[in-house]
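Using the sequences provided together with the hints, build the complete structure.
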Amino acid sequence: MYVAVKGGEKAISAAHCLLAETRRGDVAVPELTLEQIGQQMALAVDRVMTEGSVYDRDLAALAIKQARGDLVEAIFLLRAYRTTLPRLAASMPIDTAAMDVRRRISATYKDLPGGQVLGPTFDYTHRLLDFALAAEGAPPAKAPTAPADNTSAMPRALDILDREGLIEPPGESKGGAAPGDLTREPLAFPADRAVRLQNLARGDEGFLLALGYSTQRGYGNTHPFAGEIRMGEVAVEIVPEELGFAVEIGDITVTECEMVNQFLGSERAPPRFTRGYGLAFGEQDRKAMAMSLVDRALRAAELGEDADTPAHDAEFVLYHSDNVEAQGFVQHLKLPHYVDFQSELELIRRLRKTYAADAPAAAE
Amino acid sequence: MDGMPAQSGYNFAYLDEQTKRMIRRAILKAVAIPGYQVPFGSREMPLPYGWGTGGIQVTASVIGPADVLKVIDQGADDTTNAVSIRAFFARTTGVATTERTAEATLIQTRHRIPETPLKEGQILVYQVPTPEPLRWLEPRESETRKMHALQEYGVMHVRLYEDVAKFGRIAMSYDYPVRVNGRYIMRPSPIPKFDNPKMDRCPTLQLFGAGREKRIYAVPPYTEVRSLDFEDHPFEIQKWDEACALCGAEDSFLDEVVTDDAGGRMFVCSDTDYCAERCRAAEADGDAA
Amino acid sequence: MSAAAESPLLRVRGLARHYGAIVGCRAVSFDLWPGEVLGVVGESGSGKSTLLNCLSGRLGLTVGTVEFDMRGRGLTDLAALSEAERRMLMRTDWGFVFQSPREGLRMNVSAGANIGERLMAVGARHYGAIRAEAADWLEKVEFDLARIDHMPETFSGGMQQRVQIARTLVTRPRLVFMDEPTGGLDVSVQARLLDLVRALVEELRLAAIVVTHDLAVARLITHRLMVMRGGAVVETGLTDQLLDDPHHPYTQLLVSSVLQP
Numbered sequence: 004m005y006v007a008v009k010g011g012e013k014a015i016s017a018a019h020c021l022l023a024e025t026r027r028g029d030v031a032v033p034e035l036t037l038e039q040i041g042q043q044m045a046l047a048v049d050r051v052m053t054e055g056s057v058y059d060r061d062l063a064a065l066a067i068k069q070a071r072g073d074l075v076e077a078i079f080l081l082r083a084y085r086t087t088l089p090r091l092a093a094s095m096p097i098d099t100a101a102m103d104v105r106r107r108i109s110a111t112y113k114d115l116p117g118g119q120v121l122g123p124t125f126d127y128t129h130r131l132l133d134f135a136l137a138a139e140g141a142p143p144a145k146a147p148t149a150p151a152d153n154t155s156a157m158p159r160a161l162d163i164l165d166r167e168g169l170i171e172p173p174g175e176s177k178g179g180a181a182p183g184d185l186t187r188e189p190l191a192f193p194a195d196r197a198v199r200l201q202n203l204a205r206g207d208e209g210f211l212l213a214l215g216y217s218t219q220r221g222y223g224n225t226h227p228f229a230g231e232i233r234m235g236e237v238a239v240e241i242v243p244e245e246l247g248f249a250v251e252i253g254d255i256t257v258t259e260c261e262m263v264n265q266f267l268g269s270e271r272a273p274p275r276f277t278r279g280y281g282l283a284f285g286e287q288d289r290k291a292m293a294m295s296l297v298d299r300a301l302r303a304a305e306l307g308e309d310a311d312t313p314a315h316d317a318e319f320v321l322y323h324s325d326n327v328e329a330q331g332f333v334q335h336l337k338l339p340h341y342v343d344f345q346s347e348l349e350l351i352r353r354l355r356k357t358y359a360a361d362a363p364a365a366a367e
Numbered sequence: 042m043d044g045m046p047a048q049s050g051y052n053f054a055y056l057d058e059q060t061k062r063m064i065r066r067a068i069l070k071a072v073a074i075p076g077y078q079v080p081f082g083s084r085e086m087p088l089p090y091g092w093g094t095g096g097i098q099v100t101a102s103v104i105g106p107a108d109v110l111k112v113i114d115q116g117a118d119d120t121t122n123a124v125s126i127r128a129f130f131a132r133t134t135g136v137a138t139t140e141r142t143a144e145a146t147l148i149q150t151r152h153r154i155p156e157t158p159l160k161e162g163q164i165l166v167y168q169v170p171t172p173e174p175l176r177w178l179e180p181r182e183s184e185t186r187k188m189h190a191l192q193e194y195g196v197m198h199v200r201l202y203e204d205v206a207k208f209g210r211i212a213m214s215y216d217y218p219v220r221v222n223g224r225y226i227m228r229p230s231p232i233p234k235f236d237n238p239k240m241d242r243c244p245t246l247q248l249f250g251a252g253r254e255k256r257i258y259a260v261p262p263y264t265e266v267r268s269l270d271f272e273d274h275p276f277e278i279q280k281w282d283e284a285c286a287l288c289g290a291e292d293s294f295l296d297e298v299v300t301d302d303a304g305g306r307m308f309v310c311s312d313t314d315y316c317a318e319r320c321r322a323a324e325a326d327g328d329a330a
Numbered sequence: 376m377s378a379a380a381e382s383p384l385l386r387v388r389g390l391a392r393h394y395g396a397i398v399g400c401r402a403v404s405f406d407l408w409p410g411e412v413l414g415v416v417g418e419s420g421s422g423k424s425t426l427l428n429c430l431s432g433r434l435g436l437t438v439g440t441v442e443f444d445m446r447g448r449g450l451t452d453l454a455a456l457s458e459a460e461r462r463m464l465m466r467t468d469w470g471f472v473f474q475s476p477r478e479g480l481r482m483n484v485s486a487g488a489n490i491g492e493r494l495m496a497v498g499a500r501h502y503g504a505i506r507a508e509a510a511d512w513l514e515k516v517e518f519d520l521a522r523i524d525h526m527p528e529t530f531s532g533g534m535q536q537r538v539q540i541a542r543t544l545v546t547r548p549r550l551v552f553m554d555e556p557t558g559g560l561d562v563s564v565q566a567r568l569l570d571l572v573r574a575l576v577e578e579l580r581l582a583a584i585v586v587t588h589d590l591a592v593a594r595l596i597t598h599r600l601m602v603m604r605g606g607a608v609v610e611t612g613l614t615d616q617l618l619d620d621p622h623h624p625y626t627q628l629l630v631s632s633v634l635q636p
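Protein chains in written order, with this note's numbering: chain R, 4 to 367; chain D, 42 to 330; chain E, 376 to 636.
You may find that some hints are simply not true.
In the SDA-like style, the derived pairs of lysine to any residue whose C-alpha atoms are separated by at most 20 Å in a straight line are [as the list claims (entries may be wrong)]:
1) D:61 x R:85
2) D:187 x E:450
3) D:187 x R:192
4) R:356 x D:210
5) D:239 x D:275
6) R:337 x D:171
Derived DEER-like restraints, expressed as beta-carbon distance ranges [said to hold, decoys possible]:
7) D:208 x E:477: 24 to 30 Å
8) R:357 x D:177: 58 to 64 Å
9) R:323 x D:208: 31 to 37 Å
10) E:451 x D:280: 51 to 57 Å
Under 10 Å between C-beta atoms, here's a sample of chain D residues computed to sit facing chain E [said to hold, decoys possible]:
11) 74
12) 198
13) 321
Calculated directly from the structure, the hints in this document are not laboratory data. Cβ atoms here follow ideal geometry from the backbone N, Cα and C, with glycine treated the same way.
Structure below.
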């Protein structure tokens, strides 16, 4: 006598146990602390905070630990937690011109007020595996501190172009007064730029990287120059209702990229440089740059340019950028589908019968 | 809400009351416009998109402490995802759960409608992966919304036309599109077309939640639901030559179970509760005789 | 039709379309009467495609009016139509034949379905009847019936264009817009297709606006011509008169630059 498979409940709980055990691994190896992850896996934490849409290094570190280092899973964990958090206030826009800069480079000017500051970058390292790191060793030598004058004001590089009127003013296409919020309101089209930027900021780094890359390879003609990339600490301010003035609630680290794009003019706008914008939590040049390329590409239609490549297609980009949505839907294919499959089996069998009857020679 | 959540630290049924109200408003709108897809601010849930987040949010918004919940996947109560979702609500609401269709006040389902006829007062919540029936023809949401608004549905029949031209019959076996209340074309979620007739004038409120796509739609009780077809190629449902090997049912949707690697197979009811009820009834009859 | 003949099918007054500072077309006025085929000729950049797109509602006007004789409503300003009404017009009383069949056909469904779609869009729900009508139209455009279930991808350019014409005419529109309908085809294919178009237009008493840069095409299928240059109409007249005795220097240049048969 056939008995249908039972015991889903037990199997799930056993799998959870096994997962916990596997995550910990060999208990003879010391367990990772959140501090260790936060300090030494800092860039993983940055990515999880950015795409998880929560600036909290400890929570992100916990998510990474719980996810066994799977960053997309960690982002998912953080997002699910984020949903349950109450909203106490909305911050004022951060002022990146007043950033306490740790890194600032411009590819469009050799030198500019405030100078070029490389900061802690991989950029000019030779990518040679450093076997010395494989052994626990002495701490590295202390990095030299910058000369005092480098802490002087660092105006945004694009403001120089702006003063000459050669670039569109910042925030020209920012949409409505209050930015939308995709975590409260579903995406609708046409999506204004604030909503698009929110989507891209939360978007999967790999997806944006590939799309940004495609615009450079001819799938979209954006002629980009990295006008400025800056990274450092900015103050976050809120205006509590009972006070009526802004108070600072803390600092966050962000990377901002302003891309300058050539624009020859169209029926809708005069020739001038245009902007692509990218912002990410922590130190994330790659994400911020890719985001700024895609932001600019998504503005093609508004600027009256041809908009015929994947990166120009707002519905395509914005509906597929979210890795929490994407990973869920791709992986849901492993859920049982046997009812649908049974329906297809029945259909295929029936069609094959007709086929065999219609073409006896072919069926033999 | 006076229900005591079994899991501390979270609100009854996980979602906060503001969110539930927002979802209930979307549901009310959906009920008022049968078959129309209402956009809603779908929340990130602790279960992955594609695994029932839409259904879960709908269920979480309508469930109360007195409800009796049944969760099925592929017609069965004991499939892993059904178990997981039932456990989620047991933990976050503490409501009673059941496997018996007749006892449930609220049924969340993936891919099936129970064989036991549904009643007034029950609510059936479907998990929907892709709500848009026009999506295969038109990938753009801005365009499909227009097509719905203007009832530009001719293109749906193009698909049916192609099937008949190629195969002599309509070759869609699940997620078979329907027209609701003579107005909106709707995807019934990937239920087999075998289940489509159960939706028509069903006494139960049917709610559809698509979490990833952020849409809710509904079929109110006793609403006409017609499967698309041609006058000369009318809609028809699957039929089996076999009966259920366990309960002998000839009127239920059958799963094919491969019993060995030599081509041996048997057919059993996909609706495990229906099958078990019939087996129990047969046993009781046997005892009585 | 007798009452309709008292008013034009399409009335255009002072139409202009600007692209920023650039003029697409300007000061265009004309009437189109039922059964009349109007040709719009000019070089590329003359504004003829802009005009066609403005007339067919695919592009907004900067100034001017376009009125169409709607069934039961008489001459109606198209700008006052809702999008629903405009789209309804597009799939019933109007047809559009594109230069590229790719724009006018669904390339991923069969020839029969392409034609049937317009019928199903207006409510046809009997498979057998839809297919019979599609077949009937394929015959009318001299298309091999054995290929009714094949995909447009597998057809030659001329065959694709025949399917597009059948798809457009199946709902018996009253006004058809054609944008270089034989452009991009071999000369011999072009000639046969033009014969077909002329015959169908006559048989169905269609009104049509045909944009072309090819004076031979214009001579063969149009009754009346408008010559455009730099966005403006420089000369209008009956086709044969205008081509045999052009007045405007630009028209004279156009005509003289074509080898006479």
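Quick rundown of the hints versus the structure:
1. D:61 x R:85: 16 Å, holds
2. D:187 x E:450: Answer violated: residue 187 (chain D) to residue 450 (chain E) is near 26 Å, above 20 Å.
3. D:187 x R:192: 12 Å, holds
4. R:356 x D:210: Since the Cα atoms of residue 356 (chain R) and residue 210 (chain D) sit roughly 13 Å apart, the hinted pair holds (cutoff 20 Å).
5. D:239 x D:275: Holds, because 17 Å separates the two Cα atoms, which is no more than 20 Å.
6. R:337 x D:171: 17 Å, holds
7. D:208 x E:477: 24 to 30 Å: 27 Å, holds
8. R:357 x D:177: 58 to 64 Å: Because 24 Å falls outside the window, the suggested range is violated.
9. R:323 x D:208: 31 to 37 Å: With Cβ atoms ~32 Å apart, the hint holds.
10. E:451 x D:280: 51 to 57 Å: Given a distance of about 53 Å, which is inside 51 to 57 Å, the answer is holds.
11. 74: With Cβ-Cβ at 17 Å, over 10 Å, it is violated.
12. 198: 4 Å, holds
13. 321: 45 Å, violated
Violated hints, in rising order: 2, 8, 11 and 13; the structure is consistent with all others.
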